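Top line first, the protein sequences correspond to chains A and B.
Our numbering numbers the first residue of the first sequence as 1 and each following residue consecutively.
Our numbering numbers the first residue of the second sequence as 1 and each following residue consecutively.
Treat the hints as calculated values from the structure; they're not laboratory data.
Bear in mind that the values here come from a model prediction, so they are computed numbers and not experimental data.
It cannot be assumed that every hint is accurate.
As the list claims (entries may be wrong) - Okay, derived cross-link-like pairs now, EDC-like style, lysine to aspartate or glutamate, Cα gap no bigger than 20 Å in a straight line:
id: 1; chain 1: A; residue 1: Lys113; chain 2: A; residue 2: Asp124
id: 2; chain 1: A; residue 1: Lys12; chain 2: B; residue 2: Asp54
id: 3; chain 1: B; residue 1: Lys49; chain 2: A; residue 2: Asp31
id: 4; chain 1: B; residue 1: Lys228; chain 2: B; residue 2: Asp177
id: 5; chain 1: A; residue 1: Lys12; chain 2: B; residue 2: Asp149
id: 6; chain 1: A; residue 1: Lys5; chain 2: B; residue 2: Asp177
Below are the chains, spelled out letter by letter.
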Amino acid sequence: MAGIKGIVMENKNGHTVILTQQGEFRRVIIDKPIEVGELYYEHSISPWKYALAAVVIMALTIIGTLDFFSVKAYAQVSDSLELGVNRWSRVVTTRALDDQGTALLQQTNLKGKKIDVAVEEIADQAVVQGDLEQEDTWKEFPLQASDKGNKDQEFIERVEQHMNKGLQKSIDKRKSNNNSDKGLKKGQEKNENKNNKDN
Amino acid sequence: MDCPDKIQINDLVKISVQRYQAGEKEALDDIYQHLTQFCLRVISKTCGKYINPDDDEAGIISNVILDALDKYNFDRGSFTVYLGQAVRNRTIDELRKEKRRPSVTVSSLDTDILSSRTEEAVFEDIIDDIARKQEIQAFEQLLVPFELDFGELVNVSPRQSKTRVQAQRAAWLIAQDSELSSYVITKGMLPHKLLEKKFNLNRSILDRYRKYIIAAMLIHVHSLGYLKPYVLPVLEEGEQWLELKE
Numbered sequence: 001m002a003g004i005k006g007i008v009m010e011n012k013n014g015h016t017v018i019l020t021q022q023g024e025f026r027r028v029i030i031d032k033p034i035e036v037g038e039l040y041y042e043h044s045i046s047p048w049k050y051a052l053a054a055v056v057i058m059a060l061t062i063i064g065t066l067d068f069f070s071v072k073a074y075a076q077v078s079d080s081l082e083l084g085v086n087r088w089s090r091v092v093t094t095r096a097l098d099d100q101g102t103a104l105l106q107q108t109n110l111k112g113k114k115i116d117v118a119v120e121e122i123a124d125q126a127v128v129q130g131d132l133e134q135e136d137t138w139k140e141f142p143l144q145a146s147d148k149g150n151k152d153q154e155f156i157e158r159v160e161q162h163m164n165k166g167l168q169k170s171i172d173k174r175k176s177n178n179n180s181d182k183g184l185k186k187g188q189e190k191n192e193n194k195n196n197k198d199n
Numbered sequence: 001m002d003c004p005d006k007i008q009i010n011d012l013v014k015i016s017v018q019r020y021q022a023g024e025k026e027a028l029d030d031i032y033q034h035l036t037q038f039c040l041r042v043i044s045k046t047c048g049k050y051i052n053p054d055d056d057e058a059g060i061i062s063n064v065i066l067d068a069l070d071k072y073n074f075d076r077g078s079f080t081v082y083l084g085q086a087v088r089n090r091t092i093d094e095l096r097k098e099k100r101r102p103s104v105t106v107s108s109l110d111t112d113i114l115s116s117r118t119e120e121a122v123f124e125d126i127i128d129d130i131a132r133k134q135e136i137q138a139f140e141q142l143l144v145p146f147e148l149d150f151g152e153l154v155n156v157s158p159r160q161s162k163t164r165v166q167a168q169r170a171a172w173l174i175a176q177d178s179e180l181s182s183y184v185i186t187k188g189m190l191p192h193k194l195l196e197k198k199f200n201l202n203r204s205i206l207d208r209y210r211k212y213i214i215a216a217m218l219i220h221v222h223s224l225g226y227l228k229p230y231v232l233p234v235l236e237e238g239e240q241w242l243e244l245k246e
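Isolated chain B, as found in the complex:
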């Protein structure tokens, strides 16, 4: 699954900005979606509320992006940081201009973005959030053939940590075996007998947490980098992997 992480998005932006400034205007198409999402998040954080692409506050985005692309040069550091500052300043200006909200001041805007943390770190986090969101959307699509969604996963998620670790272990073992993972993906079922025989897995856990195991397995199989650490089985002290049956 091709889900760019923060570094890949940053690299893509850097290359595309270079191409754009070199006269290749189509390069903007490659990053426009990323930049729009980034700007939306900066505006959301500045205003302290969720902003949709259709909201009035989002109307400045295209102008600010084009303006930033024209004025930016690489001596100024990262383009996303530069764009983030431009969006934030413009948002504050717009809010102050609004007669409907004359009381809006810089201090009443979101504190996180103006706090002691460096702006760069805040904007980097936003890029991370965007990359994570794209991965989650991809994961959501992967769940569809199995008639699963996040609401359902809440219901089938193991509550006890020991059980959860065993379910995660099952998912991880299936993902390591291409034959087993192909079986699960194509049939939508777990090969209970084989798993019991080969990995000595608990039948009741396989039955009860089948949906959770499939979801966790999909994260491993499709190498969803942001989600993977969350479903990796972590053994508690003194706990041992069950021996594989020959």
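Excised from the complex, chain A in its bound form:
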């Protein structure tokens, strides 16, 4: 710890004047009892330590950023898309494998999203575009993860679980929508029948 060293020349009403070793009269704030004539040491962090801390922070940021964007596994969705997944199961790269995949990518922004959310969005979008019927979901929407040469089978399995979870969410969502549509239609039909009887 480098610091200012000096003699306390004056200490009045909380204002302290010191004479530094370099011969400069300087006003300082001292929060402990100190008397005229005492030596004063100000412990401050040296600029080198600040610089070192900045370098360390920068290095950690760069390493963290590189690590975030490095692909640990590839997730293939419906033979049309290949998603690069990082160690935190987030999508960092996307690649269309056919025209259908290109169209899907144009409609969605998957980068940075968790793989289950990404798969859910892709499945939702595929239904909207008419590429996928509810009945075909599992058959026409195969999900597969492959490693990037690191042979971390556990991670691959985890990614696949996330992907299946995302797809299941999408299916559940559609089922509940269909049920509510059916309920709505039934309600409408009942009302119509009632009206006819009344007439």
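Starting from the known structure of chain A, arrange chain B on it as the hints suggest.
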């Protein structure tokens, strides 16, 4: 200027204690002021707060001094160390006795004085602080005729090290020349033309930092030993004194 340093204060205390114990009670008058200040600082450090002579904590001082003078013998080492220990112990006792502060324990008192540093070193530092304080008070008085005080010196102190060194050099050169220093002390001004001609000093520095130069010069002229090292010009690497003009 007669400002005793640590060694002189210690010698004075030693001689006066000898005289006192030999029956010359008036010898105490010569050192009583020093001893009081010393005791105040020991109490301040023990309590961890600033203590004034009027504070309750300072009430023990006269008794402890007289007690220490009666019980002390030279086999015990330095008198100030002995007195310091007595003051510290008495202060701790008093604080413990106080019902208002029953929670005060030795460990909650100032750590510096009870830390690994030897008590002797701490008490020696206190004597040094006292000697330094006396010198600073003397310096403050020397500034009065020039309508200067420490607050003003903060404002006129050169911030850049190169400028400060040049101002310190000017002060040092003036102090070395009795004629020049007498001129400054009597007139309260700097002999600009002479300084420029004789020492090739920068006119703008002389103008702008006149008050700082006078203050630094007074420290040199009056040989204020504690402050002198702080205003001695130190040249940076590669920097050279300007040649004197013949």
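Status of the hints after comparison with the structure:
1. A:Lys113 - A:Asp124: holds, 15 Å
2. A:Lys12 - B:Asp54: Distance ~17 Å between Lys12 of chain A and Asp54 of chain B Cα, so the pair holds.
3. B:Lys49 - A:Asp31: holds, 11 Å
4. B:Lys228 - B:Asp177: holds, 17 Å
5. A:Lys12 - B:Asp149: Roughly 12 Å between the alpha carbons, so the hint for Lys12 of chain A and Asp149 of chain B holds.
6. A:Lys5 - B:Asp177: With a Cα-Cα distance of about 31 Å, the restraint between Lys5 of chain A and Asp177 of chain B is violated, given a limit of 20 Å.
The structure shown violates just one earlier hint, number 6.
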